[in-house]
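Modelling step: build the complete structure from the supplied sequences, incorporating the hints.
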Amino acid sequence: MSAQTMPTQQAVSDKVIEVEILRYRPEQDEKPFPQLFEVPYSPDMSILEALQYIKDHLDSTVSFRWSCRMAICGSCGLMVNNVPKLGCKAFLRDYYPQKIKLEALANFPIERDLVVDMGDFIKKLEEIKPYIIPATDDKCLSEGTYKQTPEQMEKYKQYSMCINCGLCYAACPQYGLDSKFTGPAALALLARYNRDSRDAGSAERMKIVNQEEGVWSCTFVGYCSVVCPKGVDPAAAIQLLKVESSKDYLIGMFKPD
Amino acid sequence: MQIIKTDVAIIGAGGSGLRAAIEIAENHPQLEIALISKVYPMRSHTVAAEGGAAGVVQDSDSLDQHFDDTVSGGDWLCEQDVVQYFVENAAKQLTQLEHWGCPWSRKEDGSINVRAFGGMKKERTWFAADKSGFHILHTLFQTSIKHPKITRFDEHFCLDLIVEDNKIQGVVILDISEGEAKLIQAKSVIMATGGAARVYTYNTNGGIVTGDGMSLAYRHGVALRDMEFIQYHPTGLPGSGILMTEGCRGEGGVLINKDGYRYLQDYGLGPETPIGQPKNKHMELGPRDKISQCFWQEQQKGNVISGDRGDVVYLDLRHLGEAKINERLPFIRELAKAYVGVDPVHEPIPVRPTVHYTMGGIATDAKTATSLTGLYAIGECASVGLHGANRLGSNSLSELAVFGQLAGQQAAQYAQQTTHQDIAPLREQAEQVIARTEALLNSNGTEKMADIRQEMGDCMEQGVGIYRTQESMQQTIDKLAELKERYKHIQINDKSSVFNTEFLYAIELGYLLDTAEAMAHSAILRQESRGSHQRIDDFQTRDDINFLKHSLAYYQADKAPVIKYADVTITKSQPAERVYGAASEAKEK
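Those sequence lines, one after another, are chains Y and H.
Heads up, the first sequence is in the numbering used here, so the first residue is 161 and it goes up one at a time.
Heads up, the second sequence is in the numbering used here, so the first residue is 154 and it goes up one at a time.
Just so you know, these hints were derived from the structure itself, not from any lab.
Note that the structure is a prediction, hence the values are computed from the model and not measured.
Heads up, a few of these hints could be off.
What the hints assert, rightly or not - Simulated crosslink set (DSS-like; lysine-lysine; CA at most 30 angstroms straight-line):
id, chain 1, residue 1, chain 2, residue 2
1, H, Lys490, Y, Lys259
2, Y, Lys175, H, Lys299
3, H, Lys299, Y, Lys340
4, Y, Lys283, H, Lys299
5, H, Lys490, Y, Lys317
6, Y, Lys283, H, Lys432
7, H, Lys275, Y, Lys307
8, H, Lys648, Y, Lys315
9, H, Lys477, Y, Lys283
10, H, Lys302, Y, Lys340
11, Y, Lys289, H, Lys477
12, Y, Lys307, H, Lys641
13, Y, Lys390, H, Lys477
14, Y, Lys215, H, Lys299
15, Y, Lys307, H, Lys477
16, Y, Lys317, H, Lys641
17, Y, Lys289, H, Lys158
18, H, Lys520, Y, Lys259
19, Y, Lys317, H, Lys275
20, H, Lys648, H, Lys601
21, Y, Lys315, H, Lys260
22, Y, Lys390, H, Lys490
23, Y, Lys261, H, Lys275
24, H, Lys299, Y, Lys299
25, H, Lys299, Y, Lys402
26, Y, Lys299, H, Lys520
27, H, Lys302, Y, Lys299
28, H, Lys302, Y, Lys215
29, H, Lys245, Y, Lys315
What the hints assert, rightly or not - Here are a few chain H residues that sit away from chain Y, every Cβ distance over 10 angstroms (derived from the structure):
id, residue
30, Asn180
31, Pro431
32, Lys740
Even glycine gets a Cβ: it sits at the ideal position worked out from N, Cα and C.
Take a look at the structure:
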């Protein structure tokens, strides 16, 4: 009785696409190995849907993260033909008839199959003090909201759009070389709070920026911004922070603590 | 088995769970908080909410109007004392989010901007472009990092609740990456696990929205209230069900059928409003239940468009222009382009109703306490009584903040008055939970999980959809009983312990089936039409004499649930005819 008449499945065709997944189950596999699957092809199908097809119909033991299917929860990052992508926002039509090669996100330890260990990434987000540090005379709730004009918001808005998917860390050659580097997403988030007119915590965060593992590890390859699925442009955030860091350094020369 | 002692355990780290955690950490710094989530907090489905959060700010608006809109929107099945508390606290809690950094969209002068939303008499929906839930969730997650007393258990899956001496004393969780079970001993527990729309095939929800908390509480004897009320959002993308926010219509988008006709005017929502001049509570700014019902009516008349992805109508935003679409609805543009190949600046978006929200949930009192001592419930998994038979868009994001705060306060107060009990019986129970879990993992049946999931979703769409009949609901009930039987014989191929998602899907499927059963049985016994529960058999009108009541579904192992009823709290709004469009204006005069 519902309105939900079944949508006719995508025109049934005999077309298939080959999907090769780099498998790794730590309890039974000594090292990762590729496993090939054949998935019925339709142009609308996302890589995530292809993985779901594989799990439901071909091999239920393949593990991968996903949830929203609409490129906002940030769960389903993976390497598609060696490029970091969100599985839900990459489509078979962009690869067919070539084979698609799927691997866990680069630069992260593989936990299992397409699932990586996000622990270090999450820790980095936590370390940059990603919250409003109010001035000592901050407003109480009864005084209402802070005023923030669209122009003031524009200063940080783009950097507030990060979905924490980790694609930029998979793209960052510097993070690949040395995982001590704070990295693109965390630095963009840091810039987001430093540039917010309601925040008074810049000085605290600049200590993180100025460290060797802070912005100065970045060699400005810029690939992080290329792969970002949300247009956050973490490379630009890092360049802005480099300018701030240089100012800090110059001021420090004349006004030592 | 690792045993961890805490004061308050919170299951679920979406908007409401995080808000509760912060409340406790800020105001009760002596308390330890365990914040448990089967995903990283920012993956929680709050992230996908688009349109905004309601709270009265304009001088021309009033708390009474927000109250009236919510109560009539819920077809008088709301707890009116709860609605009163809600409207009084909504703007304050949204202001709190603003202080924590939420980037609400602003007016030129820097004050909060608000947009129109369905069923709301005044513009009172605070928004952060069309990513309101995303910004609320990230703001809360990031703010929670400030508090060392919040210990997160990310990617830990809740297996069961530990109830001893008729009160909740902890939870058993599974560390997904290690495959190791842990017992969290807690003085109070807050359930904040979100909804259950994944029981339907076509829905706007993320894969994680599987009714876990509802089902866990239900299995422990807590009633699920008003489960027959399922919200179909009128504008999801065909095929995927991805949400096109009501904000599209709030900004002036219109719905047209295959003839380009704005069909809503034929169903009591007119008269037609001029393009680009949306009028509150008229036409496209009607409530979700009614607009979804209009789609079904148009479908019966053959007025919809049949495409590759099924029947659709069009959501037309073209007259808004590129600049406004980019400012107010950038995510909508991105999604429509990616998932149906349509740029809304140049073409109308194909849409259809898809399941979006469960109005019902774990029954709580007005202060979020359940009937199980020490257990509180908030957000979509709960039924605090705010939404009645139909939720108004943008009331649920505010609900997260208002009742998240309240539950934090309540659970903290309770924890302070109580002490940890003897661990031995809790450990024994936890061991039984683990043994049961391992038995499921080792099951070697022949039933394919994917088949059961698909058949469940399809039978819910068929029987407990936008319009329902005795026969359709009975068929669903029979089918669900069959599926529950088949579930006992499912096949699990993956026996490993590290990130075994097949096993997690199996547990979730069990949660989904129980939740679906509560929905279908609650629905068939409601012999009237109210809000989102519309029957086209002998019960097509509202029946306040017999059914101005909440349904309460009680779990019975291996049997159909028992459905009881409870009175609705009415304070100042007596049930009246629920009208929109011209009729609502006439009523006001």
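We went through each hint and held it up to the structure:
no.	hint	in the structure
1	H:Lys490 - Y:Lys259	holds, 25 angstroms
2	Y:Lys175 - H:Lys299	violated, 52 angstroms
3	H:Lys299 - Y:Lys340	holds, 22 angstroms
4	Y:Lys283 - H:Lys299	holds, 13 angstroms
5	H:Lys490 - Y:Lys317	holds, 22 angstroms
6	Y:Lys283 - H:Lys432	violated, 48 angstroms
7	H:Lys275 - Y:Lys307	holds, 22 angstroms
8	H:Lys648 - Y:Lys315	violated, 50 angstroms
9	H:Lys477 - Y:Lys283	violated, 38 angstroms
10	H:Lys302 - Y:Lys340	holds, 26 angstroms
11	Y:Lys289 - H:Lys477	violated, 34 angstroms
12	Y:Lys307 - H:Lys641	violated, 58 angstroms
13	Y:Lys390 - H:Lys477	holds, 19 angstroms
14	Y:Lys215 - H:Lys299	violated, 39 angstroms
15	Y:Lys307 - H:Lys477	holds, 22 angstroms
16	Y:Lys317 - H:Lys641	violated, 50 angstroms
17	Y:Lys289 - H:Lys158	holds, 27 angstroms
18	H:Lys520 - Y:Lys259	violated, 56 angstroms
19	Y:Lys317 - H:Lys275	holds, 28 angstroms
20	H:Lys648 - H:Lys601	holds, 16 angstroms
21	Y:Lys315 - H:Lys260	holds, 16 angstroms
22	Y:Lys390 - H:Lys490	holds, 14 angstroms
23	Y:Lys261 - H:Lys275	violated, 52 angstroms
24	H:Lys299 - Y:Lys299	holds, 18 angstroms
25	H:Lys299 - Y:Lys402	holds, 25 angstroms
26	Y:Lys299 - H:Lys520	holds, 28 angstroms
27	H:Lys302 - Y:Lys299	holds, 24 angstroms
28	H:Lys302 - Y:Lys215	violated, 39 angstroms
29	H:Lys245 - Y:Lys315	holds, 26 angstroms
30	Asn180	holds, 13 angstroms
31	Pro431	holds, 22 angstroms
32	Lys740	holds, 29 angstroms
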